[in-house]
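Asks: Chains A and B, in that order, are what the protein sequence lines are. Oh and the first sequence: position 104 is 104 in the numbering used here, straight run, nothing missing. Oh and the second sequence: position 136 is 136 in the numbering used here, straight run, nothing missing.
Please note that a few of the clues may not be correct.
[Unchecked claim] Within a straight-line C-alpha distance of at most 30 Å, the following computed DSSO-like cross-link-like pairs (lysine-lysine) qualify:
| # | chain 1 | residue 1 | chain 2 | residue 2 |
| --- | --- | --- | --- | --- |
| 1 | B | Lys98 | A | Lys110 |
| 2 | A | Lys15 | B | Lys13 |
| 3 | A | Lys224 | A | Lys244 |
| 4 | A | Lys105 | B | Lys13 |
| 5 | A | Lys15 | B | Lys97 |
| 6 | B | Lys246 | A | Lys110 |
[Stated by the list, open to error] Listed next, the stretches of chain B that the computed footprint assigns to chain A, with coverage defined by at least 3 CB atoms under 8 Å from CB atoms of chain A:
| # | region |
| --- | --- |
| 7 | 14-23 |
| 8 | 207-213 |
[Said to hold, decoys possible] Distance windows between CB atoms, simulated:
| # | chain 1 | residue 1 | chain 2 | residue 2 | range |
| --- | --- | --- | --- | --- | --- |
| 9 | A | Asn73 | B | Trp217 | 25 to 31 Å |
| 10 | B | Ser252 | A | Thr3 | 42 to 48 Å |
| 11 | B | Ser252 | A | Arg177 | 56 to 62 Å |
| 12 | B | Arg248 | A | Asp164 | 47 to 53 Å |
| 13 | A | Gln242 | B | Phe249 | 46 to 52 Å |
| 14 | B | Ser193 | A | Pro90 | 30 to 36 Å |
These aren't lab readings, by the way, just hints derived from the structure by calculation. Built from N, CA and C at the ideal position, the CB exists for glycine as well.
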Amino acid sequence: MSTNIEISHVTKTYKNGVTALDDVSFHAGSGVFGLLGHNGAGKTTLMKALVTVLTPSAGTIRICGFDTVKQGNEVRARIGYLPQELAMYPSLSVFDFVNYMAELKGIHNKKAVSSVLEQVEMLEFSRRRIGQLSGGMKRRVGIAQALVGNPQILVVDEPTAGLDPEERVRFRGLLSRYAREGRTVLLSTHIVEDIHQLCEELAVLRKGHLFYAGTSAALLERVKDRVKILHLENENQLIELQKKSVVLSTTYESQGLTARIMDENGLYPQTKPVTATLEDAYVYCMGGKAHA
Amino acid sequence: MRNMCSVLHYEFKMQFQRLAAWGVLLAAAALSLLDNFPSAGNLARLEFLNEPAYFVYRIVSLDSLVLLFGLMFLLAGRIPLDAKTGMKSLLMASPLKKWQYVLGKLLGGFLYVFSMLCIFLFLNTAVYFIGTPFKISLIECAVPVVKAVLASFIPVSLFVSFCSIALPGMIDIRFFYVLAAILFGFNAAYVGSAEAMPFYLITSGDLARLIWVHPGWPFVDMGSVIANGCFLAGSGFVSGCLLFLKHRFWRSE
Numbered sequence: 001m002s003t004n005i006e007i008s009h010v011t012k013t014y015k016n017g018v019t020a021l022d023d024v025s026f027h028a029g030s031g032v033f034g035l036l037g038h039n040g041a042g043k044t045t046l047m048k049a050l051v052t053v054l055t056p057s058a059g060t061i062r063i064c065g066f067d068t069v070k071q072g073n074e075v076r077a078r079i080g081y082l083p084q085e086l087a088m089y090p091s092l093s094v095f096d097f098v099n100y101m102a103e104l105k106g107i108h109n110k111k112a113v114s115s116v117l118e119q120v121e122m123l124e125f126s127r128r129r130i131g132q133l134s135g136g137m138k139r140r141v142g143i144a145q146a147l148v149g150n151p152q153i154l155v156v157d158e159p160t161a162g163l164d165p166e167e168r169v170r171f172r173g174l175l176s177r178y179a180r181e182g183r184t185v186l187l188s189t190h191i192v193e194d195i196h197q198l199c200e201e202l203a204v205l206r207k208g209h210l211f212y213a214g215t216s217a218a219l220l221e222r223v224k225d226r227v228k229i230l231h232l233e234n235e236n237q238l239i240e241l242q243k244k245s246v247v248l249s250t251t252y253e254s255q256g257l258t259a260r261i262m263d264e265n266g267l268y269p270q271t272k273p274v275t276a277t278l279e280d281a282y283v284y285c286m287g288g289k290a291h292a
Numbered sequence: 001m002r003n004m005c006s007v008l009h010y011e012f013k014m015q016f017q018r019l020a021a022w023g024v025l026l027a028a029a030a031l032s033l034l035d036n037f038p039s040a041g042n043l044a045r046l047e048f049l050n051e052p053a054y055f056v057y058r059i060v061s062l063d064s065l066v067l068l069f070g071l072m073f074l075l076a077g078r079i080p081l082d083a084k085t086g087m088k089s090l091l092m093a094s095p096l097k098k099w100q101y102v103l104g105k106l107l108g109g110f111l112y113v114f115s116m117l118c119i120f121l122f123l124n125t126a127v128y129f130i131g132t133p134f135k136i137s138l139i140e141c142a143v144p145v146v147k148a149v150l151a152s153f154i155p156v157s158l159f160v161s162f163c164s165i166a167l168p169g170m171i172d173i174r175f176f177y178v179l180a181a182i183l184f185g186f187n188a189a190y191v192g193s194a195e196a197m198p199f200y201l202i203t204s205g206d207l208a209r210l211i212w213v214h215p216g217w218p219f220v221d222m223g224s225v226i227a228n229g230c231f232l233a234g235s236g237f238v239s240g241c242l243l244f245l246k247h248r249f250w251r252s253e
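Please construct the entire structure, taking both the sequences and the accompanying hints into account.
Replies: In structure tokens:
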């Protein structure tokens with residue numbers, strides 16, 4: 001498998017002294033690669049460095065073999081980017097906006113614009129102004145401008161945030177289809193379900209550090225057979241439990257509550273083992289014990 | 001070059017579609033016609049209103065100020081808006097270069113202001129031509145209009161568009177609004193005289209005297225005309241250059 005994205009010892013310290021990324025290294029081949037982390041973990045900073053908007057303070061990033069700092073033009077010719085916050089130009093029509101972005105990429109072909117709008121099922125709304133679109137439609141226009149020109153690398157930052165379930169499923173299908181034929185989609189999100197559905201490989205960032213990089217299966221392996229559910233009478237018991245174990249989630253019921261916990265040493269014989277999910281593994285990682 | 005033309009084209013298109021600007025234009029046109037329409041009352045009040053050149057002079061030196069002030073406020077948000085909406089990150093991730101972005105924005109704004117001024121003047125002059133009780137030829141109207149477009153609208157559009165697009169890219173937009181309001185206030189409050197006019201006037205400076213001069217004082221101070229033109233064009237040009245030279249405005253290349 002060829003390596004489309006290669007990140008080596010990347011550090012980014014802003015002028016105010018905040019280190020958003022600290023010695024991050026991983027690589028991604030073709031397919032959908034997930035980037036997980038809570039808000040402020042450094043995902044957006046890494047994305048911006050990947051698309052040459054930010055320059056790393058140290059380390060190198062190579063996209064399709066080209067250095068993002070020294071060969072920025074080569075990199076920009078090979079990427080499509082959907083930023084996290086993209087309000088676009090509300091007065092432009094859908095077609096005009098995507099055509100504008102296409103022209104900036106050197107594509108002066110209206111058929112290519114129509115084709116990409118068809119891919120995201122927005123062709124019938126191509127004359128509508130962006131300001132008149134729903135949130136989901138705007139995200140589809142956002143992805144259309146990223147897809148125009150069939151870039152080798154697609155970098156999408158929180159593309160499903162704020163979308164309804166139907167739009168999320170549609171979006172996942174779109175990204176999954178695009179990642180075929182040797183292309184790479186780098187998907188940044190804090191929605192674990194999206195990663196679970198789409199990515200074979202992922203990286204987890206935590207406070208600017210790379211916490212995990214590898215396959216979803218390997219991450220799941222870390223918590224296999226250790227996720228259990230435990231019935232509790234009241235919240236006091238939950239507070240006590242949180243002091244001793246990692247509580248992954250809780251569900252309140254008519255009588256008491258059920259806690260989903262990581263029982264690493266078999267401390268709770270009254271618990272029932274359950275199948276671990278990627279979300280369990282992620283929450284466990286964020287709890288800070290997966291590396292132990 | 002093609003990328004710059006794309007930015008220019010869409011910048012112009014987006015501006016042209018703004019209803020707020022058309023509202024300002026219509027309001028300014030209504031005000032100017034109330035003031036200058038060749039009605040019996042206005043003809044009695046304004047001694048030279050029967051001269052098309054005087055009519056054009058008044059439209060340019062007084063009434064276009066309302067339109068320009070509105071356009072300046074509307075244009076001021078163009079670059080801060082790109083940063084706010086995430087468009088700047090998207091544009092920086094494309095093969096677009098800094099000079100293409102800056103020049104496309106500035107020239108798009110220039111063409112827009114120039115077009116709006118021309119539409120404003122043509123509209124007013126057409127109403128004057130149709131509504132005047134005197135017999136005037138088309139050429140009598142056309143000559144001062146051409147003079148206004150060439151002598152006044154080009155430097156004025158350069159000043160308004162370049163300053164209002166470039167400066168808010170470097171300073172707080174509220175501070176820019178205050179500066180613009182002060183300058184326009186000076187311009188609006190200035191009462192014309194036979195003497196050379198201050199160089200910093202936007203539309204009432206001596207450039208407007210190239211369109212029409214008072215028969216009692218038919219002299220034009222060319223030094224003051226040049227100073228007025230240099231101030232308008234020079235301020236616009238310097239603002240654009242400052243934005244272009246600003247570090248950390250664009251990705252490092």
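Asks: Compare the structure with each hint and give your call.
Replies: Right, here's what the structure says about each hint:
1. For the hint pairing Lys98 (chain B) with Lys110 (chain A), the CA-to-CA distance comes to about 25 Å; that is within 30 Å, so the pair holds.
2. For the hint pairing Lys15 (chain A) with Lys13 (chain B), the CA-to-CA distance comes to about 37 Å; that exceeds 30 Å, so the pair is violated.
3. Straight-line distance between C-alpha atoms of Lys224 (chain A) and Lys244 (chain A) comes to about 19 Å, which keeps the hinted pair within the 30 Å bound.
4. The suggested pairing of Lys105 (chain A) with Lys13 (chain B) holds, with an alpha-carbon distance near 19 Å, which does not exceed 30 Å.
5. Between the alpha carbons of Lys15 (chain A) and Lys97 (chain B) the distance comes to roughly 24 Å, so the proposed pair stays at or under 30 Å and holds.
6. Restraint check for Lys246 (chain B) and Lys110 (chain A): not satisfied, since their Cα atoms lie roughly 35 Å apart, outside the 30 Å limit.
7. Against chain A, the region 14-23 of chain B contributes 3 residues with a C-beta closer than 8 Å to a partner C-beta. That satisfies the three-residue criterion, and the hint holds.
8. A count of 0 residues in the region 207-213 of chain B with a Cβ less than 8 Å from any Cβ of chain A is obtained; the coverage claim is therefore unmet, three being the minimum.
9. Separated by about 60 Å at the C-beta atoms, Asn73 (chain A) and Trp217 (chain B) break the suggested range of 25 to 31 Å.
10. At roughly 25 Å, the beta-carbon separation of Ser252 (chain B) and Thr3 (chain A) lies outside the given 42 to 48 Å, and the hint is violated.
11. Checked against the hint of 56 to 62 Å, the C-beta distance between Ser252 (chain B) and Arg177 (chain A) comes to roughly 35 Å, which is inconsistent with it.
12. For the pair Arg248 (chain B) and Asp164 (chain A), the beta carbons lie near 38 Å from each other, so the given range of 47 to 53 Å is not met.
13. For the hinted restraint 46 to 52 Å between Gln242 (chain A) and Phe249 (chain B), the CB-CB distance of approximately 48 Å keeps it satisfied.
14. For Ser193 (chain B) and Pro90 (chain A), the Cβ-Cβ distance of about 47 Å falls outside the hinted range of 30 to 36 Å, so the restraint is violated.
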